[in-house]
Structure formats: C-alpha cells, structure tokens
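Once you have looked at the hints, place chain B on chain A.
Respectively, the protein sequence lines represent chains A and B.
The C-terminal position of the first sequence is numbered 113 in this note's numbering, with every residue numbered one higher than the one before it.
The C-terminal position of the second sequence is numbered 113 in this note's numbering, with every residue numbered one higher than the one before it.
Everything labelled a hint here was simulated from the structure, so no lab data went into it.
Worth double-checking, as some hints may not be accurate.
To be verified - Label pairs and their in silico Cβ distance ranges:
no., chain 1, residue 1, chain 2, residue 2, range
1, B, D65, A, A17, 48 to 54 Å
2, A, S73, B, T82, 30 to 36 Å
3, B, G16, A, G16, 33 to 39 Å
4, A, G16, B, N70, 47 to 53 Å
We put the beta carbon where it would ideally sit given N, CA and C, even for glycine.
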Amino acid sequence: QKEVEQDPGPLSVPEGAIVSLNCTYSNSAFQYFMWYRQYSRKGPELLMYTYSSGNKEDGRFTAQVDKSSKYISLFIRDSQPSDSATYLCAMSGSGGSNYKLTFGKGTLLTVNP
Amino acid sequence: GAVVSQHPSRVICKSGTSVKIECRSLDFQATTMFWYRQFPKQSLMLMATSNEGSKATYEQGVEKDKFLINHASLTLSTLTVTSAHPEDSSFYICSAAQGERQFFGPGTRLTVL
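The following block holds chain A by itself, in its conformation from the complex (with noise of 0.2 Å):
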C-alpha cells in the first residue's frame, strides 16, 4: 500500500459545480496536510495547508483532515475554467528530515465553461 493514495480522476465538471478532491494515507506520523495547484509545466502553487483536524476555508476552498480515518479532502465551490489544473494531496511529519513531502499522485480537474 502506497504511504498516500489520490483519486486518479481525471475529473471533469461543468462550471459552477462543487469538486470534490480527496487523499487517503497510511503513515500516523503525517501531520502537515497540504494541497498544491499545479498547471501544465509550471512549478506547483501551495493552496491550503492544515495541521490539525478539522475544517479551512480559505474564499472559494475548503480543506478537511480527519485524521482518525486518515483522510484529507479539499472542495472548490463555484468551480471556475482558471481552476482547471493538476491537484496534488501532501503531507508531512515534523522536524527536520520529516519535513519531506509525500505527494499524491495528483488528480487533474478540468472545469468546462
């Protein structure tokens, strides 16, 4: 079982729609969560980042972290065609070399005007 798991997708919505993103893991020691935007051929954009249990919202994002069931979700309301993009789950321990980043394999959304 891979450390962390991403919806594949491809995922593709019409404008205005709700989008669902989710990342389930295995690793306890995993206690920074964060969700990248990545366009093609450019480096990723760090979206939200979450340390505890719970909600974030952050304008059209929200992300989520339930950490009893290892699963992290993020929900883009009023879906735009600029959201179409890669997005990457990612998560980390804490201190030093734990700081590396696990990515999720990434999940491509595109919103169809």
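Below, chain B without anything else, positioned relative to chain A:
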C-alpha cells in the same frame, strides 16, 4: 511573499555537457531546499534535500555524482546535471522550506539532445 525563482526556465543541451540550474528564495531565507524531478503526467519525485552549509541528502537511486547540489547561501541552491544524457531530460523543480511549508519554483525543463 514566499516566492521562489528558478533559472533557466528551459535549457536544451548536447549529450555530454553539464547544466546548472539555480533556485532562489526571493523574499525569505531557506535553510532547507529540495530538488524534484517530474515526468509527464506523473507526480513529483524527490531527488535530494539541500541544507545550507552542509552536504545534500540524496534519495535512494539518485546518483550524487551526477546530480551535484550546492546550497551556498540561505537563498540559493544549485543543481548541476553533469555529463547529461537524453534520459536526463525532464522537468526539474526546486522548493524552499519555510517551516513545514514548501514553496516551489516554476521549474526548469531540460532537454538533452
């Protein structure tokens, strides 16, 4: 804030030559930087962890003599691909750590002819 730059953004070279890629944190100091490699439609693969003032830590399977990393200051890390071959053609991305968060550069596309 938290801007990371990479230079060059694209490089084409002949087989056997060496190529240097620079990664700079523009508005913060980064004790730790990371170098990744990404193949088309795949997630990021960590190559090495670069710590300012000390030797880099390479991931298993990454040849340290081929991929030379230098982290001479708190804002600059360099990756040199020595004696590049066509199989080294890839998208190379760096990140700079600010605490447990990583901010990524825009990437460098290397093509070895």
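Structure-based check of all given hints:
| no. | hint | verdict |
| --- | --- | --- |
| 1 | D65/B to A17/A: 48 to 54 Å | holds, 50 Å |
| 2 | S73/A to T82/B: 30 to 36 Å | violated, 43 Å |
| 3 | G16/B to G16/A: 33 to 39 Å | violated, 53 Å |
| 4 | G16/A to N70/B: 47 to 53 Å | holds, 48 Å |
Hints 2 and 3, counting from the list given before, are not met by this structure.
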